[in-house]
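A.B. asks: Protein chains in written order, with the working numbering: chain A, 1 to 426; chain B, 1001 to 1238.
Just so you know, these hints were derived from the structure itself, not from any lab. None of the hints are false.
Calculated pairs, SDA-like style, for lysine to any residue (alpha carbon to alpha carbon, straight line, at most 25 Å): (1) B/Lys1053 x A/Arg424; (2) A/Lys343 x A/Thr395; (3) A/Lys369 x B/Ser1147; (4) A/Lys331 x B/Asn1067; (5) B/Lys1059 x A/Phe328; (6) A/Lys60 x A/Asn19.
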Amino acid sequence: MKKTETEKNSVILREEVKNQIKEIDTADILIGIPSYNNARTIGHVVSAVQAGLAKYFPDKKAVIVNSDGGSTDDTKGIVEETTLDNLSSILLSHRVLSYHKIVTPYQGIPGKGSAFRTIFEIAEAVGAKACAVVDSDLRSITPEWVDLLISPVLNNEYDYVAPFYRRHKYDGTITNMIVYPLTSTLYGKKIRQPIGGDFGFSGRLASFYLTKDVWDTDVARYGIDIWMTTTAIVYDFKICQSFLGAKIHDAKDPGSDLSDMLNQVGSSIFTLMSEHQKKWKDVRSFEEVPTFGFKYAVGLEPIRVNTDAMIEKFSLGVGQLTEIWESFLPKGVMWFLTSAAEKGSKGFTFPDEIWVEIIYNFGLAFHEKIMHHDHIIKSLTPLYLGKVASFVLETWEMESDEVEDRLDSLCRAFMDFKEYIIERWE
Amino acid sequence: MNSFFDKYLLEPVTMFFKKLVQFMPNLLVALIVIIVGIIIANILRFLIIRLMKVVHFDKGCERIGVNQILEKGGIKDIPSHMMGRLFYWLAVATFFIIALNSLNIPSIEQLMTRFLLYLPNVFIAIIIIVLGYVMGNFLGRATLIASVNAGFPMSGPLSHLVKLGIMLLSVTMALEQLGIGEATITIAFGVMFGGVVLSLAIAFGLGGKDLAKQYLEKYFESKPEEPESEEHDDISHI
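Let the hints inform the model, and build the full structure from the sequences given.
C.D. replies: Shown next as structure tokens:
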């Protein structure tokens, strides 16, 4: 009965998809793969997912959904054609696969969020118990990912499974410098990769996401990852993490600009801060999140880093953007920035306390709408580069475990200074 | 003697008093209109200030940089109070015009008609200049942030150029609206703007000829890509 209601009410599912859903009737597991021009990598992702379903959930009825943003390459064709021809090389015993594949373009505002909405709609329509979404540009996905994202939901009644990757110490610096410490401090749950991109979730949570009226906002475009994580936390869904190993994905579009990325992430986090202020104001300590999977070390490709270029951009920003920052950054911070820029690369340091004060004041400026939000967040770019350069110089000789400890101390600095933002937040 | 006194002294005085008696009711009406106008203007000012507070007008002005402009101009009053005062004076001026009309003096009536017909142009010109200022500031700031993030060393002058260009354009449009030296201003603006564009084109042409050459060579000859310089880094920020 519920299923029919969902089908009837769905305004975003196409007629052919509704017909497919009628044929499928119900499913236990749903795996969503959002895509846009990922012909190079999506075949591998679909194969890994199929192998994972066959290996770990042979007795469950599963659906693979490819929600596409209008790819002009052969992405959709590859998804439709990809099959596991030789299962014996993967599995010890021959199993009959029982899964369906839905390949559909999504409707709505172009973006990953709209793709996810279609996946949630189909999950609700088939009454899926456990779902997962994986990026279509992944090169390091293995069949085990399916088990690690789905099993905690199916077997341990978790509602949300965040990914935990082994990444190079300088990979994902926006996550390390801003998203991880800020989200942990605000909401108290130490989720290492809040915007990881590959998540597991219960059918109950998928239906809950659909009840939220966010599908015409930035969430539909790019803020979906942090929105899913934050929503699961603030509405008290049962959360865990799964160790997935290395995350290696296709090279990003070279045109994607750092300040645009910062703007997307920053505006999503600060908007959610305004929305859930009652929740985060009461949080004063961290809570560890249960982590599934066997943690192991992986060999990662070295990353070239040019700290001089970063410090140069930092200094240029301090020279040119002072007038903008002065309207919301304290005098002490401005004094530090000016003296750090004057010193240059020799002995360059950017203390955590200053960084925390900067992020909190950017959050306050965004909340108080001191100027256009794009201008506020994009002006953070030189400061972010300064902090990253300082972090690289400080951790150059460190092993990845030591770097994790260093990031923990950054999280503590955010928490120690939390009273500052609570007092000033109206 | 009597006829002389009557003709040259008494008659004009009588006439003056006759006209004064005829004019007195109009004057009285005009005075009443002005007094009522001042009372209404005060009420209007109070209501406007309250309305502005309800719609958070002051915060909005702060966001788009109006407060900064006022501070730079030495004005310490908040925008909602200024709006209240503006509407106060608009109401007073309107009632003053009505009062002048009620005096029934043809020359004043003519002057008022011409003034009233010109008034919309003044308002439009003010709106154009204010919009130009706000747009200039907004786009100037956007240019500054974007060029700093791109590592362009001349970000400051570039943003000033954008800001100044937009403001200059708005002043030109406003003056044209007011009908002040239309042809001269348009030509002057055209010459100046054209000059700026030409000098920029020459500067970029001379400065970037090697870059353009390299790009064209690579494009047409499909040369193999040069190895990445050491300045490049592989950091994936997300």
